[in-house]
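Put together the whole structure using the sequences plus the hints.
What follows is the residue order along each chain.
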Amino acid sequence: MRAAAKPLVMAGVAVVLLVLPFFVASYPLSIASRILAFALLVLSVDLLTGLTGLPSLAQIAYFGAGAYTAGLVSIHVTSNIFVQLGAGVLVAALAALVTGALAVRTSGIVFLMVTLAIGELTHQLADGLSLVGASNGLAGIPASTLYPGGSPLLLTAYTYWWALIVFAAGLAVAVLVSRSPLGRSMRGVRESPTRLAAVGQRTYVVKLVAFVVAGALAGAAGTAWTVQTRFISPGDLAFSVSAIALLSVVLGGAGTLWGPVLAAAAVVLVRDWVSGYVAGHGELLLGIIFVIAVFALPRGIAGVMSRSRGGRPGSIVAESAT
Amino acid sequence: MGWLDANVVSILNGFALAALLFLIAVGLSLVFGTMDVLNLAHGAVSLTGAYVGVALLDGSVGGGQFAVAVLAAAAIGLLLGAALAVLTQSVTNHLRQALLTLGIALIAGDVLSQVFGADVESVPAPLGLDGSIEMLGKTYPLYRLFVIGVGVLIGVVLYVILERTQTGALIRATVADRTMVEAMGVRSSLVLGGVFGIGAALAAVGGLLAGPILGAQPGLDTTFLLLALVVVVIGGLGSIRGAVLGAVLVGQVQTLGVALLPELASFLLFGAMALVLLLRPAGLLPARNSGAAAHS
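In the order they appear, the protein sequences are chains A and E. Letter 232 of the first sequence, counting from 1, is numbered 232 in our numbering, and no numbers are missing. Letter 265 of the second sequence, counting from 1, is numbered 1265 in our numbering, and no numbers are missing.
Derived by calculation from the structure, the hints in this document are not laboratory data. Since the structure is predicted, the reported quantities are computational estimates derived from the model, not experimental observations. Every residue, glycine too, gets a C-beta built ideally from N, C-alpha and C. Some hints here could point you the wrong way.
[Said to hold, decoys possible] Only part of the chain A face toward chain E is listed, based on derived beta-carbon distances under 7 Å:
1) 106
2) 120
3) 121
4) 124
5) 193
6) 247
7) 286
Now the structure itself:
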């Protein structure tokens, strides 16, 4: 994209997203809200996988922490949407801090394994914990309000705009982080942890901060999801969701922020659109998308697994040529 | 002794689960150790093994018939493993290899649930092993003791092969330094393919043996994969002793944990993994020199 055209395109996309509720019906709009929440989840995966070189399957856990927290706050404390967002982000960031402190001690494929375990264990925890409705899910979440005493946000357009606001705020955070000194350190972790350590940076701290920021973003995405659906169940935290998020990052070009977001929208749309014709085969379809994506994808994710370099003979050429 | 007496059944169940987890996880661990491939379709291979039991075994089953089912599961696992080895070797990037096996796992899960339905299917234990015996004043299912025995037996055989034979030396050398093995004139891809096939065969047999205890149902593949991953993270990559230790720990945490704190069992499992990562990030008993060359 030409440098001059980029702001124009971005502004155009923003305007289209803003006025979308005036042109589409309620159901497609609710799908659009979910795509926005999912895209924010993908952004959080991208911060870790693309920018920091830590392929994470755990973000669904923090997404769930945010979503369940927002639901519980809404049921038991207040329907105020800002309190829900704040509480969800806080709980998700705390969960990311505690689990991340352990997970970032590893890297490469082992990190992927540990984060998979974190994600799936959270799924099972939600499935068994009666506090959050266990396998029935958390139902009866009241509609949110913007300010105390305000009218509940029942229209899909309002929850869509809220999802858009949360997404935009999350995107802004992601952009700021990636351009900050922290973002440069994160790229340093990806490219060469030893060199980063040699210039006096503590890679553990950089990885942990990145993990917590990404967890907070995933939590924000979770609260936006709950505000829209007003129901959250363990099924929303399924392993396949983290898998699609990671695939979107790889498909969209890890490290850029726009690519994975577009890929997220595309993957969700394709899945929802095609599954209308092959009902009940969502997983099958998803699997086929994965396999096709892996083989058809240009080799555009060099550096994602920087530790993998120097592995098999030949892989060095293949990976650094990109 | 009072506590032990009350929980002896849970502890034995833990060892039975450990035996199954060992069979499933050892392949995952060795494939990772030799090829650096994280095979996320490993749980699907195990579930396939369990469904082989559903398809072949019905009603009262003789020992011979059960043995045939075990061999069939092993053969199917071997084929699946070889196919996975070929597919993953055609992709160079490790993250994409993981995504590829993930896609295959999703496809396999859907196909299996289409063929066998979404209900929980049971697999009968073979005649002669379907009873219970009296132990320490408790009755205990004989089949679970049999599973523990099989786990120990296969563990010993694998250990001897890996540590005492020429083939084992070759595999250990491939774990330690693949480039050097290539330089000595050995086709490392053949070693890798063989390990992948045998690992998958063991996983399928583990799934089949799990059938009479856990049944077979959609979603069990993710559970198998998750538990095997935790076993490998706890035990350390690429080593049989690590897989044994990890399996025993996870087996006990799962059964004792579920018996004592049912709602928080996943916390306990995470806690065990967290503790190991905190104290020994490479796992309790990782392969010696594992990946030293690849990670330098």
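- Message: Holds or violated: the hint that residue 286 of chain A contacts chain E, with Cβ atoms closer than 7 Å.
- Response: holds, 5 Å
- Task: Identify whether the interface hint at residue 120 of chain A stands, where standing means a beta carbon of chain E within less than 7 Å of its own.
- Result: holds, 5 Å
- residue 124 of chain A as an interface hint toward chain E, with CB separation required under 7 Å: holds, 4 Å
- With a cut-off of 7 Å, does the beta carbon of residue 193 of chain A approach a beta carbon of chain E closely enough for the hint to hold? violated, 11 Å
- Message: Next item in the hint list is residue 106 of chain A. Is there a CB on chain E closer than 7 Å to its CB?
- Response: This hint holds: residue 106 of chain A lies near chain E, its Cβ roughly 6 Å from the closest one there, short of 7 Å.
- Item | Interface hint outcome for residue 247 of chain A [beta carbon to chain E under 7 Å] | At 6 Å from the nearest chain E Cβ, residue 247 of chain A passes the 7 Å test, so the hint holds.
- Status of the hint placing residue 121 of chain A at chain E (closest C-beta pair under 7 Å): holds, 4 Å
In this structure, only the earlier hint numbered 5 is contradicted, and the remaining ones agree with it.
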